[in-house]
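A.B. asks: Spelled out, the chains give:
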Amino acid sequence: DAGVTQSPTHLIKTRGQQVTLRCSPKSGHDTVSWYQQALGQGPQFIFQYYEEEERQRGNFPDRFSGHQFPNYSSELNVNALLLGDSALYLCASSGGGRAEAFFGQGTRLTVV
Amino acid sequence: AQSVTQLDSQVPVFEEAPVELRCNYSSSVSVYLFWYVQYPNQGLQLLLKYLSGSTLVESINGFEAEFNKSQTSFHLRKPSVHISDTAEYFCAVSDPGTYKYIFGTGTRLKVLA
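Just so you know, the sequences run in chain order A and B. Under the numbering used here, the first residue of the first sequence is numbered 64, with each subsequent residue one higher. Under the numbering used here, the first residue of the second sequence is numbered 20, with each subsequent residue one higher.
Think of the hints as simulated: they come from the structure by calculation, not from any bench. Where a beta carbon is used, it is the ideal one built from N, C-alpha and C, also for glycine. One should not assume that every hint holds.
Residues from chain B that face chain A, not an exhaustive set, calculated with beta carbons under 8 Å [said to hold, decoys possible]:
1) Val30
2) Tyr51
3) Gln61
4) Gly62
5) Leu63
6) Leu65
7) Phe109
8) Thr117
9) Tyr118
10) Lys119
11) Tyr120
12) Thr124
13) Gly125
14) Lys129
Pulled out of the complex, with its shape left as it was, chain B reads as follows:
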């Protein structure tokens, strides 16, 4: 069975500092990987996705994630965070084409001034 582990429940970081949110998954088959962001009292917004091809994927707002098959990881990084990045971040895995997501427990990113 698939599972996702987000190792950090909370990550405090100062504004303009770099951040890494960790995600490890377990699956015996090929997978799609996603990062979603959730702002307070809102739904989930897609941040970025890995389907195939280049292992480094980027979002339009400066986040990037790298798929590492040997380490079964999909860590999210940003070189310089802003106050507006404060939110809950969820890593998810799915079997290709099923649209059934298994989510991690989330990491709360708090950017400090």
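With the rest of the complex left out, here is chain A:
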């Protein structure tokens, strides 16, 4: 079992650019959630996808959007990047009758 995989692991972007982060959930899981973890902070919930629909959303602007594909993998898109978007972005997969979520290693995004 490959677990939750995220790509890329690191990314450097310029202010104003757009970025796409990718996540493949754990085998048997159908729900993908995305979190933003700023340096020295706990993860903050961005949104959650289930059956290719956004099911829940945290307090993040519309610049943050996502998608879930039929194979349950997911993308997180961020438009018009700001310096404050620099963070570790974590993907969590869940489902399969388990109560807990499993996290990927994260994508470290640096906006310069």
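Starting from the known structure of chain A, fit chain B onto it as the hints suggest.
C.D. replies: Quick look at chain B alone, frame taken from chain A:
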């Protein structure tokens, strides 16, 4: 709205000493509670969880946590820490079945030789 408070941002402790990492939550409904551990430059790993039933839950590596509904707490304890326990520990709460986690700000455990 749910929230989680981790009262200690950093906890230094000597190797083989006991440790307690504190976590308090606020919620008006029944909750699931979790402790996750994060090693440098890595994602989160589940340490232990409380869903229902016995209020004392244990992990395979010697940690335990006790759910206290009256005090809305879920403190993490270990009777004897190792250098390898040095990491960031996050407490989280969720509504059952939603998989939407609210995390605390984390406690950095530093085990000293």
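A.B. asks: Quick one, is the Gln61/B hint okay against chain A at 8 Å, beta carbons?
C.D. replies: holds, 6 Å
A.B. asks: If you take the shortest Cβ to Cβ gap from Phe109/B to chain A, is it below 8 Å?
C.D. replies: Hint holds; Phe109/B Cβ to chain A Cβ min 6 Å, cut 8 Å.
A.B. asks: Is the interface hint satisfied for Val30/B? The criterion is a beta-carbon contact with chain A at less than 8 Å.
C.D. replies: violated, 15 Å
A.B. asks: For the restraint on Lys129/B, tell me whether the closest CB of chain A is nearer than 8 Å.
C.D. replies: Violated, because the Cβ-Cβ distance from Lys129/B to chain A comes to roughly 15 Å (cut-off 8 Å).
A.B. asks: For the hint on Tyr120/B, just tell me whether its beta-carbon gets within less than 8 Å of chain A.
C.D. replies: This hint holds: Tyr120/B lies near chain A, its Cβ roughly 6 Å from the closest one there, short of 8 Å.
A.B. asks: Next item in the hint list is Tyr118/B. Is there a CB on chain A closer than 8 Å to its CB?
C.D. replies: holds, 4 Å
A.B. asks: Under 8 Å, Cβ to Cβ, is where Tyr51/B needs to be relative to chain A, so tell me if that hint holds or is violated.
C.D. replies: holds, 6 Å
A.B. asks: Against chain A, with CB atoms and a cut of 8 Å, does the hint on Thr124/B hold up?
C.D. replies: The hint holds - Thr124/B has a Cβ within 8 Å of chain A, the shortest such distance being about 5 Å.
A.B. asks: Against chain A, with CB atoms and a cut of 8 Å, does the hint on Leu65/B hold up?
C.D. replies: For Leu65/B, the interface hint holds, since the closest Cβ of chain A sits about 5 Å away, which is under 8 Å.
A.B. asks: Under 8 Å, Cβ to Cβ, is where Leu63/B needs to be relative to chain A, so tell me if that hint holds or is violated.
C.D. replies: holds, 4 Å
A.B. asks: Please verify that hint: Gly62/B, Cβ, nearest Cβ of chain A, below 8 Å or not.
C.D. replies: This interface hint holds because 4 Å falls under the 8 Å limit.
A.B. asks: Tell me if Gly125/B is really an interface residue toward chain A, meaning its C-beta lies closer than 8 Å to one of theirs.
C.D. replies: Hint holds; Gly125/B Cβ to chain A Cβ min 5 Å, cut 8 Å.
Violated hints, in rising order: 1 and 14; the structure is consistent with all others.
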